[in-house]
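Participant: Now for the letters of each chain:
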Amino acid sequence: MSKTIKLKIVTPTQTVFEGEVENFTAPGAVGTFQVLFNHAPIVAKLAPGMFKYVLASGAEEHYYVSGGFLELHQNSGTVLADTAERPNQINIADVERQIADLRQRYADHALGMTNDQYHAELDAANARLSVARQG
Amino acid sequence: MATLREIRRRIASVKATSKITQAMKMVAAAKLRRAQDAMIAARPYSRALDGLLKDLLSSAGEEIAQSPVLFGRHLAEPNSEKVLLIIVSSDRGLAGAFNANIIKFAEARIREHYAEHLKTKRLSLITVGRRSTDHFTKRGYDIVDKHINVFTKLDFSTAKAIADRSSELFGNADYDKIELIYNEFKSVITQRQTADRLLPVLDRNNLPAAQKRTTSFEYIYEPEPAEILNVLVPRQLETQVWKSLLESNAAEQGARMTAMDSATKNAKDLISALQLSYNKARQAAITKEILEIVGGAEALTKG
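As you go down the protein sequences, you meet chains V and L in turn.
Residue numbers 1 to 135, in our numbering, belong to the letters of the first sequence in order.
Residue numbers 136 to 438, in our numbering, belong to the letters of the second sequence in order.
You can trust all of the hints, since none of them are fake.
Below, in silico cross-link-like pairs of lysine-lysine (DSS-like), each with a Cα-Cα straight-line distance of 30 Å or less: (1) V:Lys8 - L:Lys166; (2) L:Lys295 - V:Lys45; (3) L:Lys239 - L:Lys321; (4) L:Lys189 - V:Lys45.
Short, incomplete list of chain L residues facing chain V, as computed with Cβ under 10 Å: (5) Ala183; (6) Gly186; (7) Ser194; (8) Glu373.
Derived by calculation from the structure, the hints in this document are not laboratory data.
Since the model is a prediction, treat every value here as computed from it, not as a measurement.
Yeah, the Cβ is synthetic: ideal placement off N, Cα and C, and Gly gets one too.
Let's have the full structure, built from the sequences with the hints guiding it.
Facilitator: Right under this line is the structure:
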């Protein structure tokens, strides 16, 4: 019997990935965690960050997810991502510009949002950038 | 009787029209296919979300029993309920009775269920699509928000904007009930006018029975179920609005396709009828000419 986990990544507009994986690592809101075969049933909220899985062939694939949920039971997992992007779908220059713009507005005291929102947005952009650079 | 030239002109004009309706039918068919694909692509997420919501509701228990978003608000006065209707039509016409049907349906619903609300100004609308926006603006309804030209390139951000606005208004207690009214896609040729409750999420009078979990496992929740629900409910609203936009879009293309198909058929019938009277008129003209010649010849021989 193969020891793989059925994984599905879906967003509101499409199914991004569906297949068997050895293990995967998810950016939990409480902390990043890895899921191996026979993991206990779990429902977790996801933070913006890198989602990564290892295929049976040993190949590793990365995604940037902007938030969402993970539901897993009996070695069958579903990621309900708000958005999911492959590294090559992310325009590095755009994200860099976004980060520079955020920092500039912060420095100018012209954020138009709370400090918490600023940090959340900055963290998300940085996470997106680091996923993009993985590719 | 119409002259030959007049009939010829009529035939040319009907032919031109039938070419246009034929082309519109083709375009609608292509768009319909894309709209249906989008509908199918949205299904896995919404199904997974529904399942998760059910699980969370049965696990969260007491913590969420007072949540107005889930179960509705207790009103201080019995007749103070404020209602917001989101009415989804299309931007463009020439889709048969598509828009007329949804507007008629919405007005009937207001008459039957919310007549009191309307009289005491406790009813507002969010309109999606130019057709319903124009119709209800002209008739002086209170319109909180309108979304025009969203169907040319239907994007999830529209659904998000509508859902966010709805939960903001509901959260501020501006409204106690929010409904979605749209054309549901039954098949290419049939649309069904539907009214769905958007908020509160559950119907207080018809709660799903607290059923025993039949599954043999317990989830680990990270963080607490109530906290996950706080993030999940907005997603659920976005998905519900998104689904209704997709349904309405597919239904619109289906309706247009059918309407243009019958318009093309009508044009063909009209052309063959015109062709017949053209031939008759031509024949009559020829006969008349021959009679004149024969009459002339006979007059000569007699003379």
